[in-house]
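Single-letter residue listing:
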Amino acid sequence: MKYRRITRRLLMLAAASALLLGIPAAATAYASSATTGTGWIRLAHLSPNTPAVDVYLYSFGDTNAMIVLHHVAYGTVSPYESVPAGDYSVAMRGAGASPTSQPVLSTSVTVAAGHAYTVAGLGPESGLRLQVLEDKLTTAPGQAEVRVIQASLKQQVVTVTLGSTVLASGLKFASVSDYQPVSPGTQSVTVSSSGGTANSSVTLAAGTVHTLVVLDGASGLEVVNLEDASGSGQPPAGGVSTGFGGTAPHGPGSPVPWLVVIGAGSLLALTGGLKLRRGRQLNAGI
Amino acid sequence: MPARRPAAALALAAGLAVIAGGTAGLLLTRHSTLAMRPAAAGVAALPAPTGPIVAPPPSAAPKPVPAPVSLTIPLIGVRTQLITLGLTSAGELQVPSSTAVAGWYTGSPRPGAVGSAIIVGHIDSYNGPGVFYRLIELTRGDKIYVERADGTLVEFRVTSVQIYLKDRFPTEDVYGPVPDAELRLITCGGAFDKATGHYLSNIVVYATEVS
Numbered sequence: 001m002k003y004r005r006i007t008r009r010l011l012m013l014a015a016a017s018a019l020l021l022g023i024p025a026a027a028t029a030y031a032s033s034a035t036t037g038t039g040w041i042r043l044a045h046l047s048p049n050t051p052a053v054d055v056y057l058y059s060f061g062d063t064n065a066m067i068v069l070h071h072v073a074y075g076t077v078s079p080y081e082s083v084p085a086g087d088y089s090v091a092m093r094g095a096g097a098s099p100t101s102q103p104v105l106s107t108s109v110t111v112a113a114g115h116a117y118t119v120a121g122l123g124p125e126s127g128l129r130l131q132v133l134e135d136k137l138t139t140a141p142g143q144a145e146v147r148v149i150q151a152s153l154k155q156q157v158v159t160v161t162l163g164s165t166v167l168a169s170g171l172k173f174a175s176v177s178d179y180q181p182v183s184p185g186t187q188s189v190t191v192s193s194s195g196g197t198a199n200s201s202v203t204l205a206a207g208t209v210h211t212l213v214v215l216d217g218a219s220g221l222e223v224v225n226l227e228d229a230s231g232s233g234q235p236p237a238g239g240v241s242t243g244f245g246g247t248a249p250h251g252p253g254s255p256v257p258w259l260v261v262i263g264a265g266s267l268l269a270l271t272g273g274l275k276l277r278r279g280r281q282l283n284a285g286i
Numbered sequence: 001m002p003a004r005r006p007a008a009a010l011a012l013a014a015g016l017a018v019i020a021g022g023t024a025g026l027l028l029t030r031h032s033t034l035a036m037r038p039a040a041a042g043v044a045a046l047p048a049p050t051g052p053i054v055a056p057p058p059s060a061a062p063k064p065v066p067a068p069v070s071l072t073i074p075l076i077g078v079r080t081q082l083i084t085l086g087l088t089s090a091g092e093l094q095v096p097s098s099t100a101v102a103g104w105y106t107g108s109p110r111p112g113a114v115g116s117a118i119i120v121g122h123i124d125s126y127n128g129p130g131v132f133y134r135l136i137e138l139t140r141g142d143k144i145y146v147e148r149a150d151g152t153l154v155e156f157r158v159t160s161v162q163i164y165l166k167d168r169f170p171t172e173d174v175y176g177p178v179p180d181a182e183l184r185l186i187t188c189g190g191a192f193d194k195a196t197g198h199y200l201s202n203i204v205v206y207a208t209e210v211s
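As you go down the protein sequences, you meet chains E and D in turn. As numbered in my numbering, residues 1 to 286 make up the first sequence, in order. As numbered in my numbering, residues 1 to 211 make up the second sequence, in order.
Hint data in this document are derived by calculation from the structure and do not stem from the laboratory. None of these values were measured; they are calculated from a predicted model. Do not take every clue at face value.
As the list claims (entries may be wrong) - Chain D stretches covered by chain E per the calculated footprint, using a threshold of three residues with CB under 8 Å from any CB of chain E:
#: 1; stretch: 13-20
#: 2; stretch: 48-58
#: 3; stretch: 79-92
#: 4; stretch: 101-114
#: 5; stretch: 120-134
#: 6; stretch: 154-164
#: 7; stretch: 184-197
Unchecked claim - Chain D side only, calculated, beta carbon under 8 Å to chain E, not exhaustive:
#: 8; residue: T23
#: 9; residue: L26
#: 10; residue: F169
#: 11; residue: P177
#: 12; residue: V178
#: 13; residue: P179
#: 14; residue: D180
#: 15; residue: N202
#: 16; residue: T208
Using N, Cα and C, we set each Cβ at its ideal position, and we do this for glycine too.
Modelling step: build the complete structure from the supplied sequences, incorporating the hints.
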């Protein structure tokens, strides 16, 4: 009878503990960007002699556009849009063209969770193409990452240096250099070509990823500094100590004092019982 | 005759009573006391702060954003000023000396700029709840506001809530570069290790600026 009650009590305790453990477990069901299955995409118009366009982003197979950017001119780069991982198509139409008209150009892009992409219209108008670039989302500790997109038609081949570091040598029109790690700080960027050079200055913080875009400006070459991504330049080591335990659950106290009490009680009861019995035996003997 | 041995009978009765008391005490104290969790109703939800809400930053030529000064999470009744935090000599993240305020890690992007801004607060003190005591209650879609030095607000929405063992802390996920304006709120959680005086896990709330 008593054992059954104790068993039931233990079962109830076990169920309560499971429920308590279940609360944080349920909370962790929401996942972060990498695990919620979202990635990022941004759209760019980098074809110098192509007029402004409307850019459409479709979830693959859906005829309703998720995003429409109107009147996107040469040199324009959109902010990143967070999208569920999956297949998408990007279409370009002349600015103001009917959304149902045949696109001038389209391409497909597969967005992986936790990854970022730039879909850029590159090349001359006569050879315009939509290129999918994967954008880097990591840096070495204390470093910045930078790459170059060459989108100048007037100067078809350029060499780009950052301080004394060559970022791209002999980079041809409509091509893209690989990212490379560089020391953070404010440094001069020099773009040199057969038609002259252009100088500017960029600030690249530790833990950031950049794309430098070489454009045909109103008067010569221009450099646009895109911040692709940013994080902590010096990531803190390990976890964070943000608690002192004032609200933490406490374990059961020691059973020893209670066992001592039971032991003492037993001794007392036993002594009393024995004396009582001896007394009876003595009485019976008389 | 029992009457002739009153002391023995008394001892027997007292002994039995002590056994019963001891057994009851033993059984009643065998379970853990639960974590101190004041009723959610006890803390009223705060109204959203008022002020001009800024748009997320563009990729090209983003403007420098003002420093963060305060944090409001209406749903869980958090409203705190933000102090600045750096790294310890061991390279670990500093924590606020007060358990009642949160802090922004100055080595991370400013809230509302491109990147993963880091804000840290305590779950508790030695005696009771800290500023991020109810952080674990946040779920996807909940709103977080950061007010900046120029009086503008950045509005974030929670995208996920994670709990990580500290010895498996995902540094890259939490502190690594991201291409949009995001926020991570960090506090302690999970089991408390009495021997070291530290919680074994960290709770990380991920949020993204609303466009």
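Task: Index of numbered hints that the structure contradicts, given in increasing order - done: none
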